[in-house]
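Colleague: Mapping of the sequence shown onto this note's numbering: position 38 corresponds to residue 38, and the numbering continues sequentially without gaps.
Worth flagging that the hints you see were computed from the coordinates, not collected in a lab.
Treat the hints with care, since some could be wrong.
No more than 30 Å apart at the CA atoms, straight line, and that leaves these computed lysine-lysine pairs for BS3-like [unchecked claim]:
1) Lys40 with Lys21
2) Lys13 with Lys25
3) Lys40 with Lys13
4) Lys40 with Lys19
5) Lys25 with Lys40
6) Lys40 with Lys18
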Amino acid sequence: MPQKYNDNSNEYKDWTTKKLKQEAKDYHEIIHNDHSCYGKQEFFALDGILHELDSRGITPQNNLTF
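Please build the complete structure, drawing on both the sequences and the hints.
Modeller: So, in structure tokens, the structure goes:
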């Protein structure tokens with residue numbers, strides 16, 4: 001049985017909005033860089049961060065500009 005990846009979503013609740021935005025930008029850059037090596041963990045982390053930002057009423061625009 002495959003293990004569920006721990007996305008640390010509870011941890012994100014303790015982060016400041018500024019830190020969440022910066023981490024989201026960093027993960028977005030890692031995932032969308034043509035010469036980058038990334039895996040599903042980065043996608044899960046970015047998804048968790050974006051969900052937390054959404055719960056705070058912050059919706060990113062294209063290319064994660066806030």
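Colleague: All hints, please: hold or fail.
Modeller: Each hint, compared with the structure:
Restraint check: the Cα-Cα separation between Lys40 and Lys21 comes to about 20 Å, which is no more than 30 Å; the hinted pair holds. Distance check on the hinted pair: Lys13 and Lys25 sit about 17 Å apart at the alpha-carbon level, within 30 Å; holds. For the proposed pair Lys40 and Lys13, the alpha carbon gap of about 21 Å is at most 30 Å, so the pair holds. A distance of roughly 21 Å separates the Cα atoms of Lys40 and Lys19; the hinted pair therefore holds under the 30 Å criterion.
Taken as a hint, the Lys25 and Lys40 pair is honoured in the structure, with Cα atoms around 17 Å apart against an allowance of 30 Å. For the suggested pair Lys40 and Lys18, the alpha carbons sit about 24 Å apart, so the restraint of at most 30 Å is met.
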